[in-house]
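Chemist: Here is what each chain is made of, one letter per residue.
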Amino acid sequence: MNSVAFIAIAVVTLGAALAAALLRKLIHAALVLAVAFIGLAAFYFLLGAEFVGLVQIFVYVGAVAILIVFTILLTRREGETIRGPNWSGVIIATAVFSGLAWAVYKTPSLAAVAPTFEALTVKRIGETLMTDYIWPLLCIGLLLTAALVGALVLVMEGKRE
Amino acid sequence: MTPTLQLFLVFSSALFSIGLLAALSRRHAIFILIGIEMMLAAANLNFVAFWRFAPGPHEPTGVMVAIFSIAIAAAEAGVGLALVIAVYRHIRTTNVDQLDQLKG
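Chains as they are written, first to last, in my numbering: chain S, 325 to 485; chain E, 26 to 129.
So here's chain S without its partners, still in its complex pose (with noise of 0.2 Å):
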């Protein structure tokens, strides 16, 4: 891990996000989004968690990236009344930085530097996955069903009467 890949990752990933967050058009804060995430997988890259910056950039780049654009398709309409920022908003975000910054900056058993450690492997990942979390799999199994029918059933044409 080295500072400069840290900072250049976070310029660009919190920039993006901002962008995200103010950009007028709806389309352009959808691909701005897209380059946070990737931002993101970076940093899980940096960490050492290989998979994990895989399935970040499989899932939300790939899948939630793409259904957002595929909703502003579906829904579009010149809709947003232009109007200036919200200033409640912005205060509030602002406040609950701070006091996380804060908190973080206080705590003094979090100033550690990363210990070396054995790369985690996708074999040991999947071993794990497969014994200690075999439930927690389970459920997460059952719960995207869950979500795949239910997100169908609330987008069907209602040609049931």
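Watch out, some of these pointers could steer you wrong.
[Unchecked claim] Rough simulated footprint, nothing fancy, chain E against chain S, three-plus residues with beta-carbon under 8 Å:
1. 331 to 342
2. 436 to 442
[Unchecked claim] Reference excerpt, derived from the structure (chain S facing chain E, CB under 7 Å, subset only):
3. Leu-371
4. Gly-372
5. Leu-467
If you are wondering where the hints come from, they were derived from the structure by calculation, not from laboratory data. Values in this document were obtained by computation on a predicted structure and should not be read as measured data. Note that beta-carbon positions come from the ideal geometry of N, C-alpha and C, so glycine has one too.
Fit chain E to the known structure of chain S by using the hints.
Modeler: What follows is chain E alone, placed relative to chain S:
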């Protein structure tokens, strides 16, 4: 100097706050969902950072929690966007200010 755990936590706090800003200050339902996704992703980064900086032998607990959390985020995004489409079909708008049918 290598980045410490504090830097990662401050970064994810910043990302969380930006997501909160998007969820609070936009009027479009899809923007609110984007903000919620951002907050969830920021919380995810914390799990992996704490796992990486933990002393002692490494159990992959943080990585597991992050993977499950990503799966839940995917399900949440799917249902949320389906809800946006359903609302748009009924009311022909995605502006959350106009969804005031329950107002007394």
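Chemist: Next, verify each hint and record whether it holds.
Modeler: So, going through the hints one by one against the coordinates:
no.	hint	verdict
1	331 to 342	holds (count 5)
2	436 to 442	holds (count 6)
3	Leu-371	holds (5 Å)
4	Gly-372	holds (6 Å)
5	Leu-467	holds (6 Å)
In this structure, every one of the numbered hints holds.
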